[in-house]
Amino acid sequence: MRYFFALLLVILLLPVASGEDHTVMVGTESDTYVFSPAVLKISPGDNVTFLWTPGMPHNVAEVENSESLTYNDGFRSGEPQDGGEWALPSNLTAEDGTLYYVCEPHAGMKMRGEIIIQSAPEIAMEFGDFPWLSYLLVFPLIGALWTFGFRENTNAPRIIALFTTLFTLIISIIVFVKTGNKSGYSLMEQYDWAPNFGISLLLGVDGLSSPMVLLTGIIGPLTVIFAWHEKEKPALFFVLLLVMQTALFGVFITLDYFVFYIFWEIVLIPMFFLIAIWGGDNRRYASIKFFIYTFTASLVMLIGFMALYFETGGETFSMIEIAKQNGNFSEDFQKWVFAALFIGFAVKIPSVPWHTWLPDAHVEAPTAGSILLAGVMLKMGLYGLIRAALPVVPLGAEYFVPVMVVLAIVSILYGAALSLGQTDLKKLVAYSSVSHMGVALLGVATMTELGLAGAVFMMFAHGILSPAMFMVAGVLLHQVGTRDIPKLGGLAKHQPNTAGIFVVIFLGSLGLPGMAVFVAELAVFIAFFQSHGYWLLLPIFGMVLTAGYHLWALQRAVFGVDSEQIDMSDVHEAPWYEMYPMFSIILLAVFFGIFPHYLMDPISVACYDILNFMGAI
Amino acid sequence: MIDPINFVVFSSILLLIGAYGVIRNKNAIVVLMSVEIMLTAANVNFIAFSSFYNDLSGQIVALFVTTIAAAEVAIGLAILLSLFKQRDTIELDLLNSLRW
Amino acid sequence: MDDSIFFLPEILMVVSIIGIPALYILTENNKSYSICSNISLGFAFMFLVLSWYYPDFLSLDKSGLVSYDHFRVDDFSQLFKIIFVLTALVVSIVSTSYFDDEEPHQAEYYTLLLSSTLGMLVVASATDFLTLFLGIEISAFSSYAMVAFRKQDDKSTEAGAKYLLIGAFSSGLTLYGISLLYAITGSLTFDGVSSFMHGISNGVVVGDFTEVIFISCLFIMAGLGFKIAVVPFHAWAPDVYQGAPTPVTTLLAAASKAMGFIAVFRVFAFTLESVSEEWKLVLGIIALASMTVGNLAAISQKDIGRMLAYSSIAQAGYIMIAIPALTEEAMSGAIAHTLVHAFMKGGAFVIVGCIGAVGLGYNLESYKGLAKRSPLLALSMTVCLLSLVGIPPFAGFISKFFLFYGTLQAGLAGESWIIALVIGGILNSALSLYYYLKVIRYMYLYDPEDSGEVEFPNSVRYISFGVILLLAVFFPLYWESLFELCKEASIALING
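Protein chains in written order, with this note's numbering: chain A, 109 to 725; chain B, 20 to 119; chain C, 787 to 1282.
Calculated cross-link-like contacts (lysine-lysine; reagent style DSS-like; alpha-carbon spacing at most 27 Å):
id	chain 1	residue 1	chain 2	residue 2
1	A	K341	C	K1224
2	C	K937	B	K45
3	B	K45	B	K104
4	C	K1088	A	K397
5	A	K286	A	K432
6	C	K1088	C	K1158
7	C	K937	B	K104
8	A	K341	A	K397
9	C	K1158	A	K339
10	B	K104	C	K941
11	C	K1224	A	K397
12	C	K1224	C	K941
13	A	K397	C	K1158
14	B	K45	C	K941
15	A	K432	A	K290
16	C	K941	C	K1088
17	A	K443	A	K149
18	A	K443	A	K432
19	C	K1158	A	K341
20	A	K149	A	K432
Label pairs and their computed distance ranges (CB to CB):
id	chain 1	residue 1	chain 2	residue 2	range
21	C	D1233	A	F256	19 to 29 Å
22	A	N436	C	G828	53 to 63 Å
23	C	S1267	A	N436	29 to 39 Å
24	A	G608	C	F1251	44 to 54 Å
25	C	I1001	B	L111	21 to 31 Å
26	C	D977	A	T140	50 to 60 Å
27	B	R106	C	F1000	35 to 45 Å
28	A	H586	C	S1267	49 to 59 Å
I should point out that these hints are in silico values taken from the structure, not numbers from a laboratory.
For every residue, glycine included, the Cβ atom is placed at its ideal position computed from N, Cα and C.
Taking the hints into account, I'd like the entire structure generated from these sequences.
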């Protein structure tokens, strides 16, 4: 088996032996004074032939740059000729660079063209010697079966679930460390599933997915601990959590469109039941809305995947192979496909105007479900956008940059403004998620290395801090009996330690320097300023709103005079199984806020690779 | 030799009569009878073209179809009879207990 | 060895059809009939699987198999025969628990079940219009009687009468279409008609038959359309599915529908393939209308049988989109979805029948709190329904993916309007999610309306478990092999 992989690696990395042939028409039937195509992109070593359309005498002569109109002693096809052909000397196309040329008699009529010679970026692919990634997929599943086997017992399910998630956490840390700062994919594995269709279980991680894997690993045990005293059908609850974790890992480590889609959809099923069975009063409506909304969107996404598959000849679903052929996609095709993929991903992000399922789902979901939903599931959208859409359809992505910027800014402002008006703490956090993910989308829309890296960092930072916010809401509901902010007040006196943790979490979430969210916001805003200038004031204003609603909520709920609507004698410190998860999240947030490079380095390498691949750098 | 188009015209007239009977009639027995007319229309085609092509298979089909028609009537009458026993009617408009 | 050994399933059916009435004379024991039918169906099933896919095991040689003039044994026919026999076996097992011991006329019931199966087997192997028609009628007559089987039940009888009248009308239409084809070609075999049609498109046959072919296609489509219940020939299906005893509905929804599709495949995808210009558009429109109308109508249903009937109509629409595409990939997708549909619908109706038989009723409301009563049945129903929507990783997604994949490929290569059919299918899948989820929601999110203890029969439990295994584990893991089978079948179908 290992020889097979080695062979595969060699075949994939083997440079193209002989150059391809390209033809440039000198004058076309419809317009005599053009080169067609005017801009030709080729790889080093390719051959270019100029072919004259009979009727008008033209020639080809090199010029200095895209402005110059005078011949500079470079290549020249000779005196103007009518008909016939001329081959560009092959030594000119041997190395990367750009050749500009004009037709000397018609240079004044802007009859010019250019040839861009660009070597295809190599993607390093390293097959692992130990199937770490398969273990990530298999272990939670085994844990789920095991938990289900002990469903009658009161203690066994949660202990097994905790054990399993801790174990997967260790594996995900190993995966994160092993991936390191390397460029390209590491720890790859490939298992044939349906070779006739080009579908295989192709696993691999790079600097983009390894933080997501780490995040999923971290959130797992925290969820289990937080739900330690779940009373209603605890075994089923933990089984669903574990199945969900498998599917999330699957989304983040697969490199095959078909398998990606399958995992993407599997995530919905446990989430649906988590909301539907353990949710709040309006859970029936919320769960159905959640399911239908996201399922419809992913069908649109599936159409996009199918279009990519057929456009590349219907031979493989591998993201790597399809992305390699992105030079052959026409611009219109790229626009349509990107639109389809973007709709699929934007619903998951969620970006305004497709965000309406999120508050419903969050408010109704049990706290553990909210943690997974906000912590990891929302990251699938942006992850998919960066992984599955940007590298394959770069022109489409560039075309939609203005749309993404507008949607991102509207999400930031609208999410923050709505948060300001919420009285239910959980709804407040839900809308703040819309706002925060808007920041991440803004980072992607800048199409710069810093912006992308900031977006991915935001995904991670939000992925640990928004669960903490939901834990706060969960603790309040559990200890005080309500999440309604106006009804709360004066908690700090009765549960000082818990309230202290609340304060730190709120400050972290609003972007206090020294905590993870700040790093991400700073990176995104710098990148956005570089690419779009003073439009930055709009998202900055959003941040002011963010600080406002966080502090206001904190002030009303935790400090101030004792509320008269709740019985303060019952309020005491949160139990250990609620304190520890919150405390460990604070530790993580501070750690990555002070030492962001542990995350930022792999992320920037991966983002640079992706942008390089898109031709944006 | 008769022009085969005449058979087709004749059989289609029969078919139309049968179809009209099925669609317009309210009595289940008459509907069954109309279905028999439709089968006969097909039989006319089979037999006519069997002799036109000098090919026996058409006539064989006609024989089978006659048998099928007989079986159909047998089962149909049985079902309609049990319907009649329950409702004292076989008016099709009254078959409306299954409706959304 | 003699080739006639491959007739063993049919022979077994005939023997049991004679045998069960004989048992009726000998014994009064109601169990004996079901045992007899279970044994013969089980044996036929095992023989079909072994003889075709493991010929070495029975030391058979299938390579030298001849096709008889009117009857052929090939990859296509055997694959579907396996499905028919399996469905009939499941129906036979479930019927035992569905009917009380005191239920009268059980001997007749099992005889009819077997003769209906026999008709389907004949259809699967038919190579001429007469055999095809006979097979359809044998199966249909038996099912008329089965639908009306409960003579004391008002709804059952009414459903039977409706099914009979509409079925008779549709077979009249089919037969007239066939007679028109006979009139222009002078042949009844699929090969003969097909070569005549090739002659027309090659210009070997002189004359303009376009209108006659178009009209006969319309007649045949109308007739077969009733069998597979596509819009606008679908009106009977909800009534009959609701009124018939549920095991019979299982047979109709799973096997009878597949039988209709075999006829459609054989007639349109093989026999009339070379004149496809005449009927392509009509079938495409029927497909699109079917899935849209089926899904829209299903949303407002209160009775689970009617809801599943409309969902059946929609599924028939999905399958139909492959027929205008006419490529091997599209046809194998259609075959795969027909097969998987038989399992999904069959599995769902088994549970519906069980819920009805234990006295909970057939209303959607009666599914409230099913998860509390029986987690296994609820899970199995969920898997079937999610599979019907086409949500990964269940089998329904895989087969629907093949179907859309093959059709899309054909659309991209040829006529672009076929792409619109695929997109219509995908949008419809999203639409259908709503009403399937409604049932799932009732099962898991509500408490039972009465807290009475309900005992579910063991046979249904086992079957549900098997369905879960099949749809959620077996097909998704080994779909490459499933698709290989379907591909072989579609090659056998298209190449004749």
